[in-house]
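Produce the complete structure using the sequences and hints provided.
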Amino acid sequence: MVGIITYGAYIPRYRIKVEEITRVWGANAADITGGLGVFEKSVPDLDEDAATIAVEAARNALKRRNVDPEKIGAVYVGSESHPYAVKPTACTVGEAIGATPRMTAADYEFACKAGTAAIQTCMGLVKSGMIPYGLAIGSDVSQGAPSDALEYTAAAGGAAYVIGNDDPIAIINHTCSFTTDTPDFWRREGQDYPRHGGRFTGDPGYFKHVKGASLLLFEQMHTTAKDYDYAVFHQPNAKFPQKVAKDLGFKTEQIKPGLVVPHLGNTYSGASPIGLAATLDIAKPGDRIFVCSFGSGAGSDAFDITVTDAITSGDFHREAAPSVQQLLKDPIYLDYARYAKHKGKIVMQS
Amino acid sequence: MSVARFWRHLPQRYNMVGTKCETCGRHFFPPRTFCPDCRRAGKIVEHKFVGSGTVVTYTVIHTAAEQYSMLTPYVLAIVKLDEGPQITTQIVMDPAKVKIGMKVKSVFRKIATDGESGIIHYGTKFVPVE
Amino acid sequence: MRDVAVIGIGCTKFGEKWESSFRDIFVEAGALALEDAQLSGEKIDAMYVGNMSAGRFIGQEHIGALIADYAGMATRHIPSTRVEAACASGGLAFRQAVIAVASGMEDIVIAAGVEKMTDVGSDESTDTLTGAADREWEGFMGATFPGLYAMIAQDYMHKYHMTREQLAQVAVKNHYNGARNPIAQFQSEITLDTVLKSTMVAEPLRLFDCSPVTDGAAAVIVAPLERAREFTDTPIKVLASAQASDTIALHDRRDISTLDATVAAGQRAFKKAHLSQKDIDMVEVHDCFTIAEICAIEDLGFCKKGEAGKFTADGETALGGKIPVNTSGGLKACGHPVGATGIKQVCEIVQQLRGTAGKRQVDGAKIGMTHNVGGTGATVAVHILGRV
Chain A
-4 MVGIITYGAY IPRYRIKVEE ITRVWGANAA DITGGLGVFE KSVPDLDEDA
46 ATIAVEAARN ALKRRNVDPE KIGAVYVGSE SHPYAVKPTA CTVGEAIGAT
96 PRMTAADYEF ACKAGTAAIQ TCMGLVKSGM IPYGLAIGSD VSQGAPSDAL
146 EYTAAAGGAA YVIGNDDPIA IINHTCSFTT DTPDFWRREG QDYPRHGGRF
196 TGDPGYFKHV KGASLLLFEQ MHTTAKDYDY AVFHQPNAKF PQKVAKDLGF
246 KTEQIKPGLV VPHLGNTYSG ASPIGLAATL DIAKPGDRIF VCSFGSGAGS
296 DAFDITVTDA ITSGDFHREA APSVQQLLKD PIYLDYARYA KHKGKIVMQS
Chain B
131 MSVARFWRHL PQRYNMVGTK CETCGRHFFP PRTFCPDCRR AGKIVEHKFV
181 GSGTVVTYTV IHTAAEQYSM LTPYVLAIVK LDEGPQITTQ IVMDPAKVKI
231 GMKVKSVFRK IATDGESGII HYGTKFVPVE
Chain C
85 MRDVAVIGIG CTKFGEKWES SFRDIFVEAG ALALEDAQLS GEKIDAMYVG
135 NMSAGRFIGQ EHIGALIADY AGMATRHIPS TRVEAACASG GLAFRQAVIA
185 VASGMEDIVI AAGVEKMTDV GSDESTDTLT GAADREWEGF MGATFPGLYA
235 MIAQDYMHKY HMTREQLAQV AVKNHYNGAR NPIAQFQSEI TLDTVLKSTM
285 VAEPLRLFDC SPVTDGAAAV IVAPLERARE FTDTPIKVLA SAQASDTIAL
335 HDRRDISTLD ATVAAGQRAF KKAHLSQKDI DMVEVHDCFT IAEICAIEDL
385 GFCKKGEAGK FTADGETALG GKIPVNTSGG LKACGHPVGA TGIKQVCEIV
435 QQLRGTAGKR QVDGAKIGMT HNVGGTGATV AVHILGRV
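Residue numbers (the numbering used here), protein chains in the order written: chain A, -4 to 345; chain B, 131 to 260; chain C, 85 to 472.
Just so you know, not all the hints are guaranteed correct.
Simulated coverage check for chain A against chain B, where a stretch passes if three residues somewhere in it have a Cβ under 8 Å from a Cβ of chain B [claimed, not checked]:
1) 35 to 43
2) 49 to 59
3) 87 to 101
Hints are computed from structural coordinates only; laboratory data are not their basis.
These numbers come from a predicted model, not from an experiment.
From the three backbone atoms N, C-alpha and C, an ideal C-beta is built for every residue, glycine too.
Encoded structure:
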């Protein structure tokens, strides 16, 4: 049965508060904290990027369980901020965890759902018997244009999943997707910052696809929200996932552990993977978890997951790597100037 | 640093792969293929360092080479790895808090980049063990 | 093996020499040495020149040939060799010249040192100097040259509790001496405050703990002692020449704040000369940073390990003290044109022994020592010279 063998997350130490960003642009912090439910977001260190975050998340996963890296037959890294336009992050990750050279690899881009797309690919390779283990990562150091609404939430972080069928800690019972060509949010080649369609990103974007994939999963699995203990939705802010959860019949307690955006921000390709990691951090054997990601462009991947006894067995050591809550603790706050320096928003002498 | 020179030591830079002399038990990082103590009698094998160590001495760099000027002030230290060898490395931390004797562990970071269009040099730095 | 003597010396002014090229400064120093030895260039049998990095500073290699050519010796086709050991290039060039004469292979040999550092920007010169350390495992990890010596200082201060003021006193003393040396880059005295308030470079070393970037050249002429009086009334005998090596990286050393190569070279020199520390009247040590002088005087045995700070603060290394150190102003005040320093040190000791050191003369100077270091201590050359 294909599932999650182990998982790990990584969040950089630095943060910037929404009030500090609104201070610079003369905006109103309460609109963001109250309206969007986001208070602060993570910021990468000067020497961190989507690749270093992906490696740390992968290494955290491997700290929790003894997986022979040479048996990892595929590495896929999803991001919107791959350090290279050409030269895969997946190769650097593969090298850094000792999985090279007998593996396949590629980088994915699908806005915020590139990480879950990587999980689906690994599922297929494992299920078909082509590889024993696959590593799927969603990692980002997302950029928001200065003073744009997205600047308040575009954050940094990532999570890694080793997919296999040999004693998983959580079985992925099913996955299905809902994908269309929808220009809700995009970034042209060579542009520094993404652009978006404003309110168009809501109903025709996020809600249509999350509902589309979620309802499809309910239909294919003959389930409703009540059949799940937890649910994780893509979280560009706190408002959207809470609304879609409610519309689909989920209760607040079900989405609570996986709703990390208020003090993390939107980690783009890392968002759903980190939300799932936060849920797995507290899950018990038998818990059933519903996951639905969303990536602009647009599409959603939904998953039906059941946690197994292996999560508390001797083989898997959850405490061997930091939980998402532990990664969120003891942040170092930056002012806007330091934040701009960290994010490369200051034009230096070339 | 040229692409070949960077690439050649990826196992050392990313994964702290060194060597060990099985004859006398001494560890080497960077790897040595010849034990200076046992000489030809030494049996050398590969050894992947755990990435844990102690600060032996340090400084805080305020004036750096151009490649690292964005990071100043940063902590540069000589760390004694648990297995024995000493290395020079950056420690990512508040410079005011560095102390001789503190325990550190390895992390994966960007060391430098070859300008705006050259390759990125990833490698290992250290952070305090909390 | 025959005895060797220095018969002529010459040194350009050290400093930022915008109007002078690499070729200009070498020729100037060489001419001064030939003048001093009252020697015509045709008498020179061989040349050794110390230079760390003309390749990066002026894009020029093949220095031995270049210098023989511009010194007017190319048409005589004499052997001319460049010697490199980072900041110890000059000391090693001197040693090679001494060996050539002592062995009987050559008779009259020039040992020169030259560095032209200001034709590149400070980023480039800083990076070039990092080549004196372990580029792969120190420089590439973010170490700067001052950063490495700062780690030595931090280790020293952790073990021996020297105060920051005692360390700064090294620079104050050297500037005092430099102000009395016409060729020194810095001609003014400084106070403790100047050092302690200067820009932080790498904790605990500040700008005034660090030697500067300098252009300069120096040359000495050596000959068999038995022939020295053909050229000079004041031949200075080379009583000992010693050289030692150690690991290139500071992190591979046995003890971070002891330069074992200094200890080894110093002991070998004293043994060869049948002398001990009390016989030395003054010593030129390699103070690329103030901490380097502290370690040097201990590692050469002039005071006990851990006591050099107090020794300095008490004035024992000042001009009137027990063992004057760096009467030239050292690298700090005289300047540090990398390849030239080791030769300049010999020039200074020769002047002292001849009694021509003017305002910085050590009375009754009979025996002097030079100590030249490459990198953080991977190469050390020590020479002892004496009046005949």
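Now for the hints, and whether the structure bears them out:
no., hint, result
1, 35 to 43, "holds (count 4)"
2, 49 to 59, "holds (count 3)"
3, 87 to 101, "holds (count 4)"
Of the numbered hints stated above, none is contradicted by the structure.
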